[in-house]
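Trainee: Here are the chains, one letter per residue:
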Amino acid sequence: MNVYTEQERQALEVGCLVKAGLTQPLGQMPQGSVGRILAVSGMGDHDVERGLLEMGFVEGACVEVLHYGLLGRDPLAVRINQSMTVALRQVEANIVLVGPLLDPTGPGTLSSQEQNG
Amino acid sequence: MSAATLTADTPRKIQIALVGPPNCGKTTLFNTLTGGRQKTANYPGVTVERKSGQLRTPVGHSVELLDLPGSYSLRARSPDEAITRDVVLGRQTLEGLPDAVVCVTDATNLGQHLRLLLELRQLGRPLILALNMMDIAEQRGCQISIETLSKQLGIPVVTTVAMRKHGVQDLLGEIDTLLDQAPTTAGTATTDEWQEPSPDAIRAYHREVERLLKEAVIQEGAPERLTRQLDRVVLHPVAGPLILLSILFLMFQAVFSWAAIPMDWIDGGMAALQEAASARMVDSLLKSLLVDGIIAGIAGVVIFLPQILILFLFILLLEDFGYMTRAAFLMDRLMSGVGLNGRAFIPLLSSFACAVPGIMATRAIAHPLDRLTTILIAPLMTCSARLPVYILLIAAFIPNTTVWGGIGLQGLVMFGLYAIGVVGALLAAGILRLTVLRGNRQALLMELPSYKWPNPTNVLLGLWDRAKIFIRRIGTIILSVLVVLWFLSTFPGAPEGATEPAIYYSFAGIIGRGLEPLLAPIGFNWQIAIALVPGLAAREVAVAALGTVYALSGNEEAVTEALATTLASQWSLATALALLAWYVFAPQCLATLAAARRETNSWRWPAFMFVYLMALAYVAALVTYRVALALGGG
Ligand SMILES: Nc1nc2c(ncn2[C@@H]2O[C@H](COP(=O)(O)OP(=O)(O)OP(=O)(O)O)[C@@H](O)[C@H]2O)c(=O)[nH]1
Ligand SMILES: [Mg+2]
Numbered sequence: 008m009n010v011y012t013e014q015e016r017q018a019l020e021v022g023c024l025v026k027a028g029l030t031q032p033l034g035q036m037p038q039g040s041v042g043r044i045l046a047v048s049g050m051g052d053h054d055v056e057r058g059l060l061e062m063g064f065v066e067g068a069c070v071e072v073l074h075y076g077l078l079g080r081d082p083l084a085v086r087i088n089q090s091m092t093v094a095l096r097q098v099e100a101n102i103v104l105v106g107p108l109l110d111p112t113g114p115g116t117l118s119s120q121e122q123n124g
Numbered sequence: 003m004s005a006a007t008l009t010a011d012t013p014r015k016i017q018i019a020l021v022g023p024p025n026c027g028k029t030t031l032f033n034t035l036t037g038g039r040q041k042t043a044n045y046p047g048v049t050v051e052r053k054s055g056q057l058r059t060p061v062g063h064s065v066e067l068l069d070l071p072g073s074y075s076l077r078a079r080s081p082d083e084a085i086t087r088d089v090v091l092g093r094q095t096l097e098g099l100p101d102a103v104v105c106v107t108d109a110t111n112l113g114q115h116l117r118l119l120l121e122l123r124q125l126g127r128p129l130i131l132a133l134n135m136m137d138i139a140e141q142r143g144c145q146i147s148i149e150t151l152s153k154q155l156g157i158p159v160v161t162t163v164a165m166r167k168h169g170v171q172d173l174l175g176e177i178d179t180l181l182d183q184a185p186t187t188a189g190t191a192t193t194d195e196w197q198e199p200s201p202d203a204i205r206a207y208h209r210e211v212e213r214l215l216k217e218a219v220i221q222e223g224a225p226e227r228l229t230r231q232l233d234r235v236v237l238h239p240v241a242g243p244l245i246l247l248s249i250l251f252l253m254f255q256a257v258f259s260w261a262a263i264p265m266d267w268i269d270g271g272m273a274a275l276q277e278a279a280s281a282r283m284v285d286s287l288l289k290s291l292l293v294d295g296i297i298a299g300i301a302g303v304v305i306f307l308p309q310i311l312i313l314f315l316f317i318l319l320l321e322d323f324g325y326m327t328r329a330a331f332l333m334d335r336l337m338s339g340v341g342l343n344g345r346a347f348i349p350l351l352s353s354f355a356c357a358v359p360g361i362m363a364t365r366a367i368a369h370p371l372d373r374l375t376t377i378l379i380a381p382l383m384t385c386s387a388r389l390p391v392y393i394l395l396i397a398a399f400i401p402n403t404t405v406w407g408g409i410g411l412q413g414l415v416m417f418g419l420y421a422i423g424v425v426g427a428l429l430a431a432g433i434l435r436l437t438v439l440r441g442n443r444q445a446l447l448m449e450l451p452s453y454k455w456p457n458p459t460n461v462l463l464g465l466w467d468r469a470k471i472f473i474r475r476i477g478t479i480i481l482s483v484l485v486v487l488w489f490l491s492t493f494p495g496a497p498e499g500a501t502e503p504a505i506y507y508s509f510a511g512i513i514g515r516g517l518e519p520l521l522a523p524i525g526f527n528w529q530i531a532i533a534l535v536p537g538l539a540a541r542e543v544a545v546a547a548l549g550t551v552y553a554l555s556g557n558e559e560a561v562t563e564a565l566a567t568t569l570a571s572q573w574s575l576a577t578a579l580a581l582l583a584w585y586v587f588a589p590q591c592l593a594t595l596a597a598a599r600r601e602t603n604s605w606r607w608p609a610f611m612f613v614y615l616m617a618l619a620y621v622a623a624l625v626t627y628r629v630a631l632a633l634g635g636g
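Chains as they are written, first to last, in the working numbering: chain A, 8 to 124; chain B, 3 to 636.
Misleading hints may appear alongside valid ones.
Ranges of calculated distance between the beta carbons of each label pair, as one might list FRET restraints [claimed, not checked]:
1) 16(A) <-> 84(B): 37 to 43 Å
2) 38(A) <-> 593(B): 52 to 58 Å
3) 600(B) <-> 50(A): 35 to 41 Å
Partial selection, computed: residues in chain B whose CB lies under 8 Å from chain A [to be verified]:
4) 111
5) 142
6) 201
7) 231
8) 233
9) 235
10) 239
11) 241
12) 245
13) 331
14) 446
15) 449
For the record, the hints were derived by calculation from the structure and aren't laboratory data. Even glycine gets a Cβ: it sits at the ideal position worked out from N, Cα and C.
Isolated chain A, as found in the complex (with noise of 0.2 Å):
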């Protein structure tokens, strides 16, 4: 029996994954690492939001960081679901929550883990 909605339920499990301390704004994570948007909050800032939306930041999606820049580690470019690369800077990727690849048949996944150091 689902006592939780839906959105509840996701609610709960970024609350778990933050305790656990699996999460990290997209501008911290490791250069080659993957993960999936957890939360894309512009903290009232619907502009940035919905730029960072439109351009493929959604939760959900899989993001893996591919370059970052010489100074700052900014900015920084990301592949989102293996399709699109986009570059952003580090003000706007620390809006986007990302936590671990838990469901690896998930959307956009990789389907073989291409991936090295």
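Starting from the known structure of chain A, arrange chain B with the ligands on it as the hints suggest.
Mentor: The following block gives chain B with the ligands in isolation, referenced to the frame of chain A:
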């Protein structure tokens, strides 16, 4: 114009708009469908204007096709996206809603691109979905069920390869079907009810796209490998900037070394023409106008065609290959350091070709202050019209030797001039952002497209267009300025017992001598002053004008002698360097000021641009001249 004034035998023009995310191939499709020649390139934000073209469908409908700037959503973030939104929502004056919209998407990136289609579908207007770049999708083994997608969406879906004619036949067929079944209601309905989607609405669109793709995608394509691997080098924090520098460096070396032979041909041809003209004609005013006024002036400019084409060859290749956004990525940190949007790098890089399209390309920058700053510094990027001036002076004053084991000194100086322009632009931006244009910054969100092999026809046509533009400028603006200049330089004639050449006593000479006190501190003589005045209209004019001025003031040998040789014997090194410094900064281009006025909708900013650039140019020339004199360059 109301519908009532139209009679049956003048059917209303059917209007169809191409809408889609940036860089999905709308303009390529537009060119194939209409036979047009609009600019295409492999980076987002190429098209920043509404362009229209005619096409006739197989059934015989005559259609006006609109090519629009790419947009990720109907919620316009930047001025170019606003153009698209206004057309789609029928907010453009006079024309009302387009009869149908063809939503073009990149089939290799449907996950992100279908969201715009859903936004368009909400409007409830006739709509066709074109899955473009199908060749690449298939190459990666991607399979999509068109029937399922079409059934799920409730609209016709076609696949296209925009460059190939047969790939777009289906699309034309669907357009005909759509036009025949639905009597158009364009011009009557409006989409006033449309509202910007909220963040949650966008999330809902994303979920819907995911559901659709789960249904329709039979086989997902393999992820792109080549781009990833190349980017590992090209975007490497250390190797990347070095590669960028090397490319720019190679570009300027090539401009010098590859152009030598075709330049000799042109030079020979023009000299022969000049000699033939002077041998055939008796001494007269007409001969002077033709030989000294027109041929000498034009010979001075047309010789730079090879260099300009080489520069454009590099730019076109980089654009088509997909390198522009990478360069923007690498430069972003530097740009944000001076308060600029990283997106500003692309307009600035196109300003290397010409500041006018560069200024127009700033429409892709969302934030008004960022955009204004970029417009104001765009003229500092060394445009191709400066090439003739640079090359002329470098060839005359910088020895053609190599330094550090094989690097051409002349190319190095040229590279330096470009670098000074870039550094000057960045400093100017920083100062502007701290003073007149204070304000907070805008996010950088820029798609990095996959690399593509440049299309040779596309590149050749691009070069041909540039050659035509250059020749046309010579035939129109430069030619007419030269005729006026010849007139001003010839009348009134020299008085009895004159000691100087006749031009010294002419109207132009009077103007030049009038300006001399102002320009003497920076080392310019009256001949340069004469050339600078018409040079305000366009930069190459100054070279043509120098050709005319020295032809008129010189003896007979000087006329057929190359202008560079004449200059080398008449100017000091300090003067030449000061003139180069002047040209790095001076706002010598009416078209740029006009473009700035169009894009900012006021005279205030172009006026400001003119004044600050003039001041910069004067100071730069002054410092250069004094330093060069002190170091013995007199
Ligand atoms: N392989 C392949 N390349 C394509 C196809 N369509 C377009 N291209 C290439 O994709 C790039 C972008 O094409 P454009 O037509 O400039 O794209 P656009 O949608 O007009 O872009 P914006 O004006 O920036 O919105 C160019 O390099 C084209 O040559 C296609 O069907 N197949
Ligand atoms: Mg276009």
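Trainee: Return the status of the interface hint for residue 449(B): holds when the least beta-carbon distance to chain A is below 8 Å, violated otherwise.
Mentor: Result: holds, 6 Å to nearest chain A Cβ.
Trainee: Could you check if residue 233(B) really has its C-beta closer than 8 Å to a C-beta on chain A?
Mentor: Result: holds, 7 Å to nearest chain A Cβ.
Trainee: Checking hints one by one. Is residue 446(B) an interface residue toward chain A, by the C-beta closer than 8 Å rule?
Mentor: holds (5 Å)
Trainee: Can we keep the residue 142(B) interface hint, with Cβ of chain A closer than 8 Å?
Mentor: Nearest chain A Cβ about 10 Å off; hint violated.
Trainee: Can residue 111(B) be said to touch chain A, with a Cβ gap under 8 Å?
Mentor: Given a least distance of 5 Å, the restraint on residue 111(B) holds.
Trainee: Hint check: is the beta carbon of residue 239(B) less than 8 Å from a beta carbon of chain A?
Mentor: holds (4 Å)
Trainee: Take the shortest C-beta to C-beta distance between residue 235(B) and chain A; is it under 8 Å?
Mentor: Violated, about 11 Å.
Trainee: In this structure, is the beta-carbon distance linking residue 38(A) and residue 593(B) contained in 52 to 58 Å?
Mentor: At roughly 44 Å between Cβ atoms, residue 593(B) and residue 38(A) fall outside 52 to 58 Å, so the hint is violated.
Trainee: Measuring from the C-beta of residue 245(B) to each C-beta in chain A, is the shortest one below 8 Å?
Mentor: At about 13 Å, which exceeds the 8 Å cut-off, the nearest Cβ of chain A leaves the hint on residue 245(B) violated.
Trainee: Per the CB criterion, is residue 331(B) less than 8 Å away from chain A?
Mentor: With Cβ-Cβ at 5 Å, under 8 Å, it holds.
Trainee: Given residue 201(B) as an interface hint, is its Cβ closer than 8 Å to any Cβ of chain A?
Mentor: Since chain A brings a Cβ to about 5 Å from residue 201(B), closer than 8 Å, the hint holds.
Trainee: Is the hint on residue 231(B) kept, meaning its closest Cβ partner in chain A is under 8 Å away?
Mentor: violated (11 Å)
Violated hints for the displayed structure, listed by number in ascending order: 2, 5, 7, 9, 11 and 12.
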